[in-house]
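Colleague: The chain contents come next:
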Amino acid sequence: MYRLTSVTAVISHRQPDGDDTAGGPSSHLLDATLRCIARWGVAKTSLDDVAREARVSRATVYRSFPGGKDALLSTVLHVEVHRLLDRIRATVEAADTLEDALVAAITETGRTIADHAALQYLLANEPELVLPRFAFSQLDELLVVVRAVGAPLLARFLDSDLSAAERVAEWVARITLSYTLSPAPGVSTADEAAVRTLVKTFVLPGIANLQGAPAK
Amino acid sequence: MLEAAYRTVARYGIAKTTVDDIAREAKLSRPTVYRQFPGGKDAILREVIGWESGRFFGDITRAVAGITDLADLLEELIVVAGGEMQRHEVLQKILQTEPELLVPLLVTGLDRLIALLKPLLLLGMQRSPIRGDIDPDLASDYLARMLLSVVASPGTRDLSDRAAVRSYVGGELLGALR
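These protein sequence lines are chains D and Z, in that order. In short: position in the first sequence from 1, add 7, done, that's my numbering. In short: position in the second sequence from 1, add 393, done, that's my numbering.
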């Protein structure tokens, strides 16, 4: 059993110069690790397997994963979540309307998760390694990051009201996680049309009502 | 036996609870316990969680019985569920030490909530209508998800603060349906 480190604890250890490869695994090594996990899962993937898949020495792998096997999933999740946040930032910045921004953010996440072979393997076979990191107090911690990253991105659509923007960012994150990890019939967060319906049905009307209500 | 297991875990915590402890508390022999739960301690724990969450939902359903106004109902659901979770020693212990045990609950909990909410929603909609374009099934599914999410992970909200809860109910919950 692995000690469950929160995703956010791992994110906040990101290198200040923004280069997550400094002192950590290279993207080549990470991709090799993801291929192993997609094939065998975390329990059955050893650092030796990663070395073999990446065609590097065991020493290289052990140096890149100083936390050892236990930290393998945390490290990988760290980088993957960061990559996703960067892509979300880009799509939201390119959006012209709030509706497009929210649809882009949710769809980007839904597609990333649906297409992620390693994550899909874990969700199917080792869900206990992934789901708790996005539930209970670990979700609370992730939401801190979501609000911090999301608020400045959404503020331009919300009269620069950062408080409302934080609330919307958190709301959209909750919706995304819930519909992605516990799918509803006919609603795939990877399907733009379905996501647009969700956003237009629930979120946009809610935001209109939010801006009347006192934020907490 | 499940009640005995629950009491044992409450007393000693999960890590320190043994099948022997449970058998002793239940006044049964070890072989009897193992015959019913060949999976041992893990199997017992999973059963206890299922049983306890049934009781939990029962408590909450009773607490909101008779509330017909939809906003009041949702507010009460959040305050009661949030409070019960905070006060729940065994749940808090599990969250700290073995949260992966609760993973199945996240799925069954959602289904239970949807089943609970749908009739209450239909009733509430007779008095405080939601938008005509929203299907009640879709609405109760959405509400259940957002309820479960905030109760399990309140974020920075204090779920015993009714003003904060009402704000969530008026915004993310009913605000979305109006």
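Read the hints as simulated data drawn from the structure, not as lab findings. Careful, some of the hints might be misleading.
Straight-line C-alpha distance at most 20 Å; calculated SDA-like pairs for lysine to any residue [as the list claims (entries may be wrong)]:
1) Lys207(D) with Asp530(Z)
2) Lys486(Z) with Leu499(Z)
3) Lys511(Z) with Thr98(D)
4) Lys486(Z) with Ser144(D)
5) Lys434(Z) with Leu484(Z)
6) Lys511(Z) with Arg42(D)
7) Lys511(Z) with Ala191(D)
8) Lys409(Z) with Phe450(Z)
9) Lys434(Z) with Ser422(Z)
10) Lys51(D) with Ile523(Z)
11) Lys76(D) with Glu60(D)
12) Lys434(Z) with Gln489(Z)
13) Lys511(Z) with Glu60(D)
14) Lys207(D) with Arg524(Z)
15) Lys76(D) with Thr98(D)
16) Lys207(D) with Ile523(Z)
17) Lys207(D) with Pro529(Z)
18) Lys207(D) with Leu488(Z)
19) Lys207(D) with Arg571(Z)
20) Lys486(Z) with Gly525(Z)
21) Lys434(Z) with Asp414(Z)
22) Lys207(D) with Val496(Z)
23) Lys409(Z) with Gly433(Z)
24) Lys207(D) with Thr98(D)
25) Lys76(D) with Gln485(Z)
26) Lys420(Z) with Lys434(Z)
27) Lys409(Z) with Glu469(Z)
28) Lys511(Z) with Lys51(D)
29) Lys511(Z) with Asp147(D)
30) Lys409(Z) with Leu488(Z)
31) Lys434(Z) with Glu135(D)
32) Lys207(D) with Gln489(Z)
33) Lys434(Z) with Phe450(Z)
34) Lys486(Z) with Arg400(Z)
35) Lys486(Z) with Lys207(D)
36) Lys207(D) with Gly563(Z)
Please read all numbers here as calculations on a predicted model, not as lab measurements.
Colleague: All hints, please: hold or fail.
Modeller: So, going through the hints one by one against the coordinates:
1. Lys207(D) with Asp530(Z): 17 Å, holds
2. Lys486(Z) with Leu499(Z): OK: Lys486(Z) and Leu499(Z) at ~17 Å, within 20 Å.
3. Lys511(Z) with Thr98(D): The given pair, whose Cα atoms are some 36 Å apart, is violated under the 20 Å limit.
4. Lys486(Z) with Ser144(D): Distance ~13 Å between Lys486(Z) and Ser144(D) Cα, so the pair holds.
5. Lys434(Z) with Leu484(Z): OK: Lys434(Z) and Leu484(Z) at ~17 Å, within 20 Å.
6. Lys511(Z) with Arg42(D): The given pair, whose Cα atoms are some 43 Å apart, is violated under the 20 Å limit.
7. Lys511(Z) with Ala191(D): 15 Å, holds
8. Lys409(Z) with Phe450(Z): Outside the cut-off at roughly 28 Å; violated.
9. Lys434(Z) with Ser422(Z): Judged against 20 Å, a Cα distance of about 15 Å means the pair holds.
10. Lys51(D) with Ile523(Z): With a Cα-Cα distance of about 50 Å, the restraint between Lys51(D) and Ile523(Z) is violated, given a limit of 20 Å.
11. Lys76(D) with Glu60(D): Roughly 15 Å separates the two Cα atoms, so the pair holds.
12. Lys434(Z) with Gln489(Z): 18 Å, holds
13. Lys511(Z) with Glu60(D): Since the Cα atoms of Lys511(Z) and Glu60(D) sit roughly 50 Å apart, the hinted pair is violated (cutoff 20 Å).
14. Lys207(D) with Arg524(Z): 12 Å, holds
15. Lys76(D) with Thr98(D): This hinted pair is violated, its Cα atoms lying about 34 Å apart.
16. Lys207(D) with Ile523(Z): 15 Å, holds
17. Lys207(D) with Pro529(Z): Holds, at roughly 16 Å.
18. Lys207(D) with Leu488(Z): Since the Cα atoms of Lys207(D) and Leu488(Z) sit roughly 35 Å apart, the hinted pair is violated (cutoff 20 Å).
19. Lys207(D) with Arg571(Z): 12 Å, holds
20. Lys486(Z) with Gly525(Z): The given pair, whose Cα atoms are some 44 Å apart, is violated under the 20 Å limit.
21. Lys434(Z) with Asp414(Z): Answer holds: Lys434(Z) to Asp414(Z) is near 11 Å, not above 20 Å.
22. Lys207(D) with Val496(Z): 30 Å, violated
23. Lys409(Z) with Gly433(Z): 14 Å, holds
24. Lys207(D) with Thr98(D): Status holds; Cα separation ~18 Å.
25. Lys76(D) with Gln485(Z): Violated: Lys76(D) and Gln485(Z) sit about 28 Å apart, past 20 Å.
26. Lys420(Z) with Lys434(Z): 17 Å, holds
27. Lys409(Z) with Glu469(Z): 36 Å, violated
28. Lys511(Z) with Lys51(D): 43 Å, violated
29. Lys511(Z) with Asp147(D): 27 Å, violated
30. Lys409(Z) with Leu488(Z): Distance ~16 Å between Lys409(Z) and Leu488(Z) Cα, so the pair holds.
31. Lys434(Z) with Glu135(D): 17 Å, holds
32. Lys207(D) with Gln489(Z): 38 Å, violated
33. Lys434(Z) with Phe450(Z): Violated: Lys434(Z) and Phe450(Z) sit about 24 Å apart, past 20 Å.
34. Lys486(Z) with Arg400(Z): Holds: Lys486(Z) and Arg400(Z) sit about 13 Å apart, inside 20 Å.
35. Lys486(Z) with Lys207(D): 40 Å, violated
36. Lys207(D) with Gly563(Z): 17 Å, holds
Violated hints, listed in ascending order, are 3, 6, 8, 10, 13, 15, 18, 20, 22, 25, 27, 28, 29, 32, 33, 35; each of the other numbered hints is respected by the structure.
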